[in-house]
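Line by line, the protein sequences are chains A and B.
Letter by letter, the first sequence follows residues 118 to 385 of my numbering.
Letter by letter, the second sequence follows residues 118 to 385 of my numbering.
Keep in mind that the hints were calculated from the coordinates and are not lab data.
Be aware that a few hints might be false.
One copy or any two copies: either way a pair holds, since identical chains are not told apart in the list.
List of simulated lysine to aspartate or glutamate pairs, DMTMM-like, C-alpha gap at most 25 Å [unchecked claim]:
hint, residue 1, residue 2
1, 317, 166
2, 253, 272
3, 298, 356
4, 298, 212
5, 317, 245
6, 149, 260
7, 257, 152
8, 197, 356
2 protein chains.
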Amino acid sequence: MNGEDWRRVLTDASKEVQRKVTRVAEQGEASKALEVGASGDTTLLADKEAESELFKALTRIKGLRIVSEEAGSWGDPKAKLVAIVDPLDGSSNFERRIPFYCTSVAVATGGSLKDVRFGLVRNLVNGDVYWAEKGKGCTKNGEHAAPSRVTSLSDTVMDADLSRAPPELIAGMGPLISAVKRQVHQGANALELCFVAEGKVDAFVDLRKKMRSTDFAAAYLIATEAGATVTDSDGGVLDPELDLAARFSFVAANNKTLHRRILELLPG
Amino acid sequence: MNGEDWRRVLTDASKEVQRKVTRVAEQGEASKALEVGASGDTTLLADKEAESELFKALTRIKGLRIVSEEAGSWGDPKAKLVAIVDPLDGSSNFERRIPFYCTSVAVATGGSLKDVRFGLVRNLVNGDVYWAEKGKGCTKNGEHAAPSRVTSLSDTVMDADLSRAPPELIAGMGPLISAVKRQVHQGANALELCFVAEGKVDAFVDLRKKMRSTDFAAAYLIATEAGATVTDSDGGVLDPELDLAARFSFVAANNKTLHRRILELLPG
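Here chain A stands alone, though its shape is the one from the complex (with noise of 0.2 Å):
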């Protein structure tokens, strides 16, 4: 399969993902929840059935192995080709009723980060899809995407994932916190990071070491082909294993100059 036959794949499964979330909105089962998935988290109805209309369409490509937040790893082990998937990317705003949460593939040749070839994410809230193949750019909805040109940090707008961080660490990120003209956290952090990709805003930071790849990967190719600049917390390569054990840092910012300011105003 090329890039095309991926991004198609990708693009249907990921509507059906849409539907059958939207019905379960429609149907008053929001918060319905079911067990606990692979990752941890409580699965809920809704988690369940976008995972089931991604595996519809993914396990039928041969050789192909999937790592997913809810089901955990299915498929030959050996199998060279993963798909890294989060079928519901903000669970818990989808259980609230707060319209943002989105469905997040990629598509890896190998076991880490740096293998990915390709990557989707779509708000399923209003359909906007991202999609990126390695070295070949980003768009969204099929049109270019590019970061925000903002260098300043007092014009930034800047997500922060500081959900059950340590007070330390909150204690250590204010300086930076203080100097941006924004810090908004919404809860989906694929969409999140593909709001950098498409200036929506201008840096995402998590310095939790709780990011996994299954939210992760997709976005991080969609970002990086855009132009985005995203390296672990000290400005080193980023490329955790594709697994759901990995887990990690990273700061993620529209261009380089941006990315420099941030890293200097963070903990040491």
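With chain A held as given, fit chain B onto it using these hints.
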């Protein structure tokens, strides 16, 4: 004019605002800036268009003074009746094409927050209308609205506005942010306070002494009429003047138990 009259006038006027700002966005002029408004913020074309729609309706009402985020104070300074409006709360989101902004109108029979009699907030993206009349409860799109029943900090989704807070204040909020399930912030305060009223988030805290009556008065009535507890940062009565000069902090929570637990973790 009785409550039903006000509800109708404000519902219709805010619908026109929605139509107008939607058109500005569709014409690709979301980030078109004009000047610096009465509040010191940059005024977008959309701010101005939104304000002009509200003024069209409000200036028809006899004996009404208007205090607006953009235009400042308008009408007879001795008028008993005052409307406190933010025509486009969340302008920065609008400017960045982030679909989270609203219009806010409160009507008071005196000069401070306790005198607010009616409040309406309209989500300008999806048209949701939050409405309250003092002593008569709160509705969302005509249906009864109520806060969540969460009482434990570890289950709490808490909105906190940290933008440009001093580093020491951010550090002081570390224990609280660390204790809750998630910290979120979207950047349209009136709408975010309505999210407390309808249980989408459990609490909303802003300790920066920067909140203004224009984007607070309507949602304050909506939240308190829904049953939420809203106080100053010490748990005391919140009763700022309904003008552009007053700046204040607040702690809003779904119920008294969670409100007390939040206060206990705040810097003294």
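Hints, verified against the model:
With identical chains, the CA atoms of residue 317 and residue 166 are at most 25 Å apart between copies only, with a shortest distance of 23 Å across copies and 30 Å within one. In this assembly of identical chains, the alpha carbons of residue 253 and residue 272 never lie at most 25 Å apart, being 30 Å within a copy and 42 Å across copies at closest. Within a single copy, residue 298 and residue 356 get their C-alpha atoms no closer than 30 Å, and across copies no closer than 28 Å, so neither meets the 25 Å cut-off. With identical chains, the CA atoms of residue 298 and residue 212 are at most 25 Å apart between copies only, with a shortest distance of 14 Å across copies and 30 Å within one.
For the identical chains of this complex, residue 317 and residue 245 are neighbours both inside a copy (13 Å) and across copies (23 Å), given an alpha-carbon limit of 25 Å. Taking the shortest Cα distances, residue 149 and residue 260 sit within 25 Å of each other only across copies (22 Å), while inside one copy they are farther apart (36 Å). For the identical chains of this complex, residue 257 and residue 152 are neighbours neither inside a copy (34 Å) nor across copies (32 Å), given an alpha-carbon limit of 25 Å. With identical chains, the CA atoms of residue 197 and residue 356 are at most 25 Å apart within one copy only, with a shortest distance of 18 Å there and 64 Å across copies.
Checked against the numbered hints above, the structure breaks hints 2, 3, 7 and satisfies the rest.
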